[in-house]
Structures are given as structure tokens and as C-alpha cells.
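**Student:** Could you build the full structure based on these sequences and the hints that come with them?
According to the numbering used here, numbering within the sequence shown proceeds without interruption in unit steps and concludes at 472.
Worth flagging that the hints you see were computed from the coordinates, not collected in a lab. One should not assume that every hint holds.
Label pairs and their in silico Cβ distance ranges [said to hold, decoys possible]:
1) R242 with D425: 43 to 53 Å
2) V186 with G123: 20 to 30 Å
3) P359 with R465: 13 to 23 Å
4) G201 with R48: 35 to 45 Å
5) D324 with P187: 14 to 24 Å
6) S291 with G433: 33 to 43 Å
7) E377 with R68: 23 to 33 Å
8) G288 with E144: 16 to 26 Å
9) S159 with T378: 53 to 63 Å
10) P261 with D324: 21 to 31 Å
11) G372 with E140: 53 to 63 Å
12) E144 with T378: 47 to 57 Å
13) G288 with S120: 20 to 30 Å
14) Q434 with W322: 14 to 24 Å
No experiment lies behind these values; they were computed from the predicted model shown. Every residue, glycine too, gets a C-beta built ideally from N, C-alpha and C.
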Amino acid sequence: MSARRVAVVGAGASGTLQAVHLARRGVEVALIDRGPAPGRGVAYGTARPEHLLNVPARRMSAFPDDPSHFTRWWGGSDEGFAPRMVYGDYLRELLNESGVEPIIGEAVSVGKSGESERVGLADGRAIDAGAVVLAPGNLRPAVPGRFDIAALGAAWVGDPWASDWTREIGRDDMILLIGTGLTAVDVALTLEARGFAGRILALSRRGLAPRAHGAHEPMTVAAEPLPVECIGLLRHVRCRTDEVGWRSAVHELRTVTQDVWRAAAPEQRRRFLRHLRPWWDVHRHRVAPDVGATIARMQEDGRLAFCAGRITTIEPHEGCARIAWQARGGGDIETIDAARVVNCTGPELDIVRAGEPLFDALLAAGRIRPDPCRIGLDVDWDLRTLDARGQASDTLFALGPVTRGTFWESVAVPDIRDQSARLAERLSA
44 MSARRVAVVG AGASGTLQAV HLARRGVEVA LIDRGPAPGR GVAYGTARPE
94 HLLNVPARRM SAFPDDPSHF TRWWGGSDEG FAPRMVYGDY LRELLNESGV
144 EPIIGEAVSV GKSGESERVG LADGRAIDAG AVVLAPGNLR PAVPGRFDIA
194 ALGAAWVGDP WASDWTREIG RDDMILLIGT GLTAVDVALT LEARGFAGRI
244 LALSRRGLAP RAHGAHEPMT VAAEPLPVEC IGLLRHVRCR TDEVGWRSAV
294 HELRTVTQDV WRAAAPEQRR RFLRHLRPWW DVHRHRVAPD VGATIARMQE
344 DGRLAFCAGR ITTIEPHEGC ARIAWQARGG GDIETIDAAR VVNCTGPELD
394 IVRAGEPLFD ALLAAGRIRP DPCRIGLDVD WDLRTLDARG QASDTLFALG
444 PVTRGTFWES VAVPDIRDQS ARLAERLSA
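**Tutor:** So this is what it looks like as C-alpha cells:
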């Protein structure tokens, strides 16, 4: 098929890369975004220089056929880790050069209009296009449902990116981070950069923190087919770790992860998500060496602790939050008073619970459905969305993190870039 005009919903990294690739192929693009800074999104919209890319520059090009494009633009080393805000500048410049002018507004519906699609905006405007690409990026942070967080008032920070809440805390306060992943690392880095001298407790069920990249990690590929069932894959990685080191063992999975995920039965995928995903995340999605060094220093100084445990109660107390928590495996319940409790659980994955008006409308119309593991939208290998009956659409597509249910590896820029290039080729025929 060929679409003369394509509407792309979302102008973060996913939508921007899609718009740039479509424009390069001569397709007219209507790029729709509700945010004030199209071309950046949440990850690359940060204004904090301590927030670095998690991938070396040599893998961050916007174009698969020009792998050194970003390195040349940045002027740094192939092995360097640029600030994320610099990468946001890169994406914004590419968008400006593409000639695509973003449309500021919130898309709340997509419906058929003859042979075309019509995107309805919250302000009443409508945009017609031959095809629509859903590129929302990571959804809003998931909200813990067991506690009355509204009662905490200003002590609860539901979205670490929504405001500069770090300016409102005392230098020696206590901060609780719910979650120990990449968001928790970002928050800890910002507190450190602002001179925060208090204690930070990062808490999750397993207490696992992201590992750091090595100084130089050559790309390696697996020399033999990998098992697709969880225990076999785990044994393989452990064996290879003993032989070549854990970083190289994980690198060997990089080029075949999508194929292994695709071949795995739904039950094997669910077992992986239940039991192995936390370890996968901290080894696969690593932080820059400088970031790892800063986090290690904060831990050694006793200012940051990653702990495994569960929260039993959270209650307001004299303008703060009083938290009772128990370490994993049992033991005594410890009580702490925190000036802020920061939600670092990461993005919501289930589109049914996400609270996104556009997804709600498409779900109600039966035009989309969650993937079987409920970690995103259900799409086929060609990025076509599947409706409630499992039928693929030739005019409604999705790419980026919301396609993790089909591809698993669809969060990092190299994966999104490849998806957007492939989809642009299809839509331009």
C-alpha cells in the first residue's frame, strides 16, 4: 500500500524518528503531539546534564544506513555517552530539517472516514490521513494501587518528570524511591547534582539496580541457536558468562532477542516476565560508566541504598510520609519518615489501565487490543495493529515501546529506528 499522508500520533523519539523517515521518502506527515516540546519526549526532554544516554554514541544514529551520523553531529567519541538533552537537540534538529511542522493537540480518537483514517483532537479539530501510526513512547508512570497516596499531599511525587520537586526539599531530608530501576537512578543523580546530603532509600521487590557498561564493549553475536524456554536460556547465559564474561554473554543475545521472543510460546513469555525480567532489565539496560561510578560512590558513602522489600503502610505524618517496610524474606518491620516518596516504578505497560483517552476510545471501538502478556498493544510483525478479533489493519500501525509484546526489544533507539525505517518503506511503497 502507499499512503500519501500519514498521521503520526506522538512526537517523542518514536514519533520523531517515524516522521523523519517518512519525510525522507517524500510522504506528507501530520505529526501530532500534546506536549509543548515535540521532538524530545520524556527521556530526551530532560534539562539535567547528569542524565546520560544508556547507549554509546555509535549505536544512536537515526539512520540504519549511516551508523556514525549521530557521532559526527555530536562531535564526541563513538564510545562516548552523550547527555540525553543533547540527543534531544539532535532529534529536534532532524525534525526541523525534515520540514515536518508538529501539530500541538491531544489525539482522542481514530476512526474510519471512507478509505482514510480520521484523527480527532480534544479541541474538536480533525485530521485525515491514509494511515495512522501510534507512537506514544513510554506511557505515564504506573501508580501503586494499595495505598491512599492522595492523602500524602506534597509528600507524594507521582511523576518525577512533571515538576522540579527537588527544589522543595531540605538538604538533609530523607527520600524514598519506590522502584530501583533507571528512573530511580535518574532521581538519585539529580539529587546528588543539587547537593542533597540526606539519605535516599530505593525500594523494590528484589532491590536490583541497573549495572554499568564497561569502558569498551565490542559487539558480539551468538555462535549457536539459543533455547527459547526460560530455564534453558538462563543456563546458556550463565555458561557463556563463565566463558566470556556477563557483558559479552548479554551482547550475544542482542541481535537474536526478538527472534527468541517470537519463537517462545505465550506461557514461556509469561514465565520470563514473572521470574527473569528484573534480572534481564538490570543487565540489558545498563547505565553509562560515569553514571555507574556516581551511583557506586553514593552507595559507599551511605547516602543511597537499594533494598529488596515491601511497603506495609504509608501514612501522612507532620508534612512528611511515614513508611513501614519489611525486608524481603521477612524480619522486623522498619519505620522511616520521608520528606518525599517518589514513584520510580516506571511506565504503565497495560494499555487498559493506562488511562489514555485515545487508547480507551480505540479499545471501546474494538480497533486495538492488548497483547497476550498485557505489556503493550497487540501488533503483527509488520507493525499493523490487531483488532479485538485478531484482524490486522492496513491503515493503523504502532511502533516503539508499546509493541514490546510482539518484539520485546522495542524500547531502545536502535530498535525504534529500525522499526520506523521499515514502516516508512512500507507506507511509501
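**Student:** So, for every hint listed, does it hold in this structure?
**Tutor:** Now the hints, each set against the structure:
| no. | hint | result |
| --- | --- | --- |
| 1 | R242 with D425: 43 to 53 Å | 50 Å, holds |
| 2 | V186 with G123: 20 to 30 Å | 36 Å, violated |
| 3 | P359 with R465: 13 to 23 Å | 50 Å, violated |
| 4 | G201 with R48: 35 to 45 Å | 37 Å, holds |
| 5 | D324 with P187: 14 to 24 Å | 18 Å, holds |
| 6 | S291 with G433: 33 to 43 Å | 39 Å, holds |
| 7 | E377 with R68: 23 to 33 Å | 58 Å, violated |
| 8 | G288 with E144: 16 to 26 Å | 48 Å, violated |
| 9 | S159 with T378: 53 to 63 Å | 59 Å, holds |
| 10 | P261 with D324: 21 to 31 Å | 23 Å, holds |
| 11 | G372 with E140: 53 to 63 Å | 55 Å, holds |
| 12 | E144 with T378: 47 to 57 Å | 54 Å, holds |
| 13 | G288 with S120: 20 to 30 Å | 22 Å, holds |
| 14 | Q434 with W322: 14 to 24 Å | 36 Å, violated |
In this structure, the hints that do not hold are numbers 2, 3, 7, 8 and 14, in rising order.
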